[in-house]
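*Asks:* Residues per chain, in single letters:
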Amino acid sequence: MLGLTKKDYNLLLIVACLTMLAPFILNPFPEGSGLAQFNAGYPDLMQRFVIFGIFAIGFNILFGLTGYLSFGHAAFLGVGSYAAIWMMKLLTTNVIPAMILAVAIAGAFALLVGYVSLRRSGIYFSILTLAFAQMSYALAYSVLTPITGGETGLQLKLDDARILDGALGAGEQARANLFGLNMSSSYELSVGSWLFTFNTGYYIAAVIMLLAFYLAIRIFRSPFGLMLRAVKSNQQRLNYTGLNPRPYTLAAFVISGMYAGLAGGLMVAMDTQVGPERMFWTASGEVVLMTILGGAGTLIGPVLGAGLIKYMENILSKINSDILHTWFAFLPDGLEDFIITLIYPFIGKGWHLTLGIIFMLVVIFLPGGLVEGGQRIAKLFKRKDDAEDTAASTPAE
Amino acid sequence: MGILEVKNVGKRFGGLQALNEVNLSVAENTCHAIIGPNGAGKSTLLNCFVGKLIPDTGSVMFDGQSVLGRTPYEINQMGISRVFQTPEIFSDLSVLENMMIPVLAKRDGAFRMHAYADMMSEKDILEKSEAMLEDMGLAEKRGMQASSMSRGDKRRLEIAMCLSQEPRLLLLDEPTAGMARADTNNTIDLLKQIKEERDITIAIIEHDMHVVFSLADRITVLAQGTPLVEDHPENIKGHPKVREAYLGEAA
Chain A
1 MLGLTKKDYN LLLIVACLTM LAPFILNPFP EGSGLAQFNA GYPDLMQRFV IFGIFAIGFN
61 ILFGLTGYLS FGHAAFLGVG SYAAIWMMKL LTTNVIPAMI LAVAIAGAFA LLVGYVSLRR
121 SGIYFSILTL AFAQMSYALA YSVLTPITGG ETGLQLKLDD ARILDGALGA GEQARANLFG
181 LNMSSSYELS VGSWLFTFNT GYYIAAVIML LAFYLAIRIF RSPFGLMLRA VKSNQQRLNY
241 TGLNPRPYTL AAFVISGMYA GLAGGLMVAM DTQVGPERMF WTASGEVVLM TILGGAGTLI
301 GPVLGAGLIK YMENILSKIN SDILHTWFAF LPDGLEDFII TLIYPFIGKG WHLTLGIIFM
361 LVVIFLPGGL VEGGQRIAKL FKRKDDAEDT AASTPAE
Chain B
1 MGILEVKNVG KRFGGLQALN EVNLSVAENT CHAIIGPNGA GKSTLLNCFV GKLIPDTGSV
61 MFDGQSVLGR TPYEINQMGI SRVFQTPEIF SDLSVLENMM IPVLAKRDGA FRMHAYADMM
121 SEKDILEKSE AMLEDMGLAE KRGMQASSMS RGDKRRLEIA MCLSQEPRLL LLDEPTAGMA
181 RADTNNTIDL LKQIKEERDI TIAIIEHDMH VVFSLADRIT VLAQGTPLVE DHPENIKGHP
241 KVREAYLGEA A
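For the record, the sequence lines run as chains A and B. Using this note's numbering, you'd call the opening residue of the first sequence number 1 and step up by one each time. Using this note's numbering, you'd call the opening residue of the second sequence number 1 and step up by one each time.
One chain only, chain B, in its complex shape (with noise of 0.2 Å):
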């Protein structure tokens, strides 16, 4: 039994079948991807997980228990969190403000009305700020306007945002996209220590097969909204359904 359970979910957008029959189980502490082509629905089976859409049909189970139906933010202090293809990082502040946003959402949940506390004697929040920032290489940013940083530094600073919320499954959506080769391998290299040295599974919607062959432990390949395959990363290379979905008929 999988951390995270996928049955029969599909989905229709008007005329378009974006998801169907799609099955699907990540085992706890493995980094499972998911590949396919552009349109394959990648992205849309990633929004039923976290709460954004609502599948026709089927069931996703987190932990023995339905997402389905819950918001966002209640999927996320289930322990699911999200990087975005884009880093979406709260550019108007500070990265130490960044970094205290999710630890104080992890210490006093989805509300809670602290008016009158000042947050600079918040000492705990803080310590566990900066040991993140520190963990991450950031901390010489800390007081950097996180808008003026780096696409590479603020990828960086969404995933410590997430990871400080000490989630049970991190769901990456394309994290290298539109990133240069050292960016890329700079996030390979962070994305293997934090499955080395932590207790998290990790699913990853990857176009870059370079990054998928480097960190998954098993890979899905997902073609007009089906799953096609799902193995161990050698046995997906060669395999030639895949090629087929990839390159078309005359490979």
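Chain A with its partners taken away, still in its complex shape (with noise of 0.2 Å):
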């Protein structure tokens, strides 16, 4: 179906469901217990899952296929962003072509910056495509300052041009929509104790994922695929095949930074301010993470990978040492301060120190990441049921 597998099919469908039942999901404890504060069904954070999932798959294609390691993709996700709100600002608040011009953009930039980077491989590539995003980010916080806004970054303003917008009415502020459709509204659904909401910028960003998400499965599948595999595995044999390595990396390299410059865009659509901080190598080094930490060259891996690290960020940083002491009360006072103690460093600000633990535990034991972990208890299973029939039917004979 849709031109893939039965396997593929089925994961994207999975995936489908699960972005689309994300409100539920991702809010199973109600509100006001103690384990509220686990809920990360709210708009915000889920706007952040899919965007990053975007960035993640894309960064995907050329990392996980080529085996190119850019240390440079935030670059490419800034340039996306800086395009959109110019785009809202200039033309109209309306998402979609202030997306359009957000992949053309970084796609034109990652051409330019692909085409020079590629000339070399291995960690001269990396330090390459770090140095233009650092670059990238050095100019946009000071000589391009009019075109950035510097330091400040750009926000929608009530007397940006937007040409092909109305004046706005007497309080009303400019807002990124889908034709008049809000990003920002919101419904809520109260069952019992639990509170859904239900977003229509998250929506838009789910659905946008999900043909990202379908994209790269054909990627993955296609002969062009296949040759990206190929670049990883062995250059020489394919320059020995008659095939030309160059214009297939960067290809790849266009398309992942293509897939970067859109989630930069989406950032926008969703909150329409725009800061050089986007650029800043970390945020290149995050994108790596995700796609090591949820398995590379996998399909599913990156978007696993984009989802724990911004869950960890914003749910494991916001607890402190007051909502420990909540938790372990029943303890007794020298027992309770101890074990907190020996908590405190893996939560709140510290929550880096948990990742970085997981991220080394995921790289040595789970080299595939956690698809990998998944494949393995998936095999676990199968071997306990294999084990079983055959016992079972043993003494039938």
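Honestly, the hints are just simulated from the structure, not real lab data. No incorrect hints appear here.
Heads up, simulated BS3-like pairs for lysine-lysine below, C-alpha to C-alpha not over 30 Å straight-line:
{"#": "1", "chain 1": "A", "residue 1": "K384", "chain 2": "B", "residue 2": "K141"}
{"#": "2", "chain 1": "B", "residue 1": "K52", "chain 2": "A", "residue 2": "K232"}
{"#": "3", "chain 1": "A", "residue 1": "K6", "chain 2": "B", "residue 2": "K123"}
{"#": "4", "chain 1": "A", "residue 1": "K232", "chain 2": "B", "residue 2": "K128"}
{"#": "5", "chain 1": "A", "residue 1": "K379", "chain 2": "B", "residue 2": "K141"}
{"#": "6", "chain 1": "A", "residue 1": "K382", "chain 2": "B", "residue 2": "K141"}
{"#": "7", "chain 1": "B", "residue 1": "K128", "chain 2": "B", "residue 2": "K141"}
Taking the hints as your guide, dock the two standalone chains into a single complex.
*Replies:* Structure (structure tokens):
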């Protein structure tokens, strides 16, 4: 179906169900309960899940398939964001043209960066991309202030041109919309003590992520995808098989740059402001972590990795020592304090430490990422089933 | 006029004259062996044919066109395929996928942006790849990851990949190096079969005299970067110059 094999089609269906039902799935705990802070079903975070999902899916097309590790992908995300906000300022606050421009500009910039960086491979390639990204960051921060707004960045303002949009009514503000549908509008559903939020912006981002995911599956399964994997496996043989690796890697680089631009454009569509920190090298590193954590070269891995990191960043970091005290209040005082002292470095601002440990454990014990973990568990159950089957059938013979 | 014409080729690495005034002509549809002791310049010469090295002097013509200054993939698209000393295959990919890549390269050229097409619906590519695997006795290994095959099977796959491009000239760089006797004999049989069944010219570099004398129609002996003799195999065996090059003056 849709030109996919049954297995890929099922994977797409699962991802579609998960994203469409996310407001339920991510809000398993009733409001007001002690566990409610583990709920991730609020629009802001759900949007981040899918946007960084797109970013990581795109990054994986380059890194997972060709093995070229770019350390500067946040630059394309940032360029996409700036392009999108300028579109909204000058032309219309409708998000569609903004995202189209974001993808186009990010793609063009990726073509330039890729053309230069892909002259080298391995560590030199990584350093070149890192240099480009840091250069972009520095330029956006200083020299290009007229275009980028420098340190303060850009926001939508009342006196923006917006050539295609009508004049705003009194007291109205310019808001990102899809043909009049406001991105920040939400519908809240209250069931018992549970509260589920269905946000327009999230659903638009989720549908775009599904399209991006579908496209990634098609690329993975295409002859082009095969060539990219061949680049990773043995460039020498590829050369001596009459194939030119350069345009293949460049195309992969541009495609993944466009994915990053799309993610950047969506960020602006959800929250109409941009700052240069979006292009900082830690942002480039984050997408590398996401991809490796989830499983580089797998389809679903990057999405899982993006979800896990964004969940930890937003949920784990909100736990503070007061919350710990309420959790462990049942313990005798001395023990309570001791346990809290033990846990404290791993929560709140220390969430990076937890992330670091998880990352190390995954890289050492599950080189294939979370996806490999899932596969191992599935295999374990399968073997158990097989063992039971044979045990059950032996006495009958 | 041979299909591969090498004229006055010289190559110097620093103080070492690796190749000196090499002249060679490989006739179409023959098997031409290049032999010589270690350091004779055999591999250097081969690298000059495929675009890995550019000789300092002389010319290398394939089918009337110069190969010098062209990249390896361009030379491959002209019709020269190369088998490496240690099998160069796509180890991370399955055997069938390995096979599909050269077939795709033959059909689509050096680059084609076919990112939205489904590979498994490329019926002609699949059929051709499977037929080739069948031919080479690798059909039942099609789903295996290439890196988990035996050395002999890897070599077989690499040769299959080269042949699937229907090259006019097949270059073999010590195809039996490091192989057990049985694997060597298998490879010889395979190459003999290829020679008989296909319109193909083979140029082979080899150490193992058993392999050379079983396959070659013509032999060039290289020593210290210069061809000593070029003749039929039966005349090479007892040639005094060859004995001298291989065994030293005492022989």
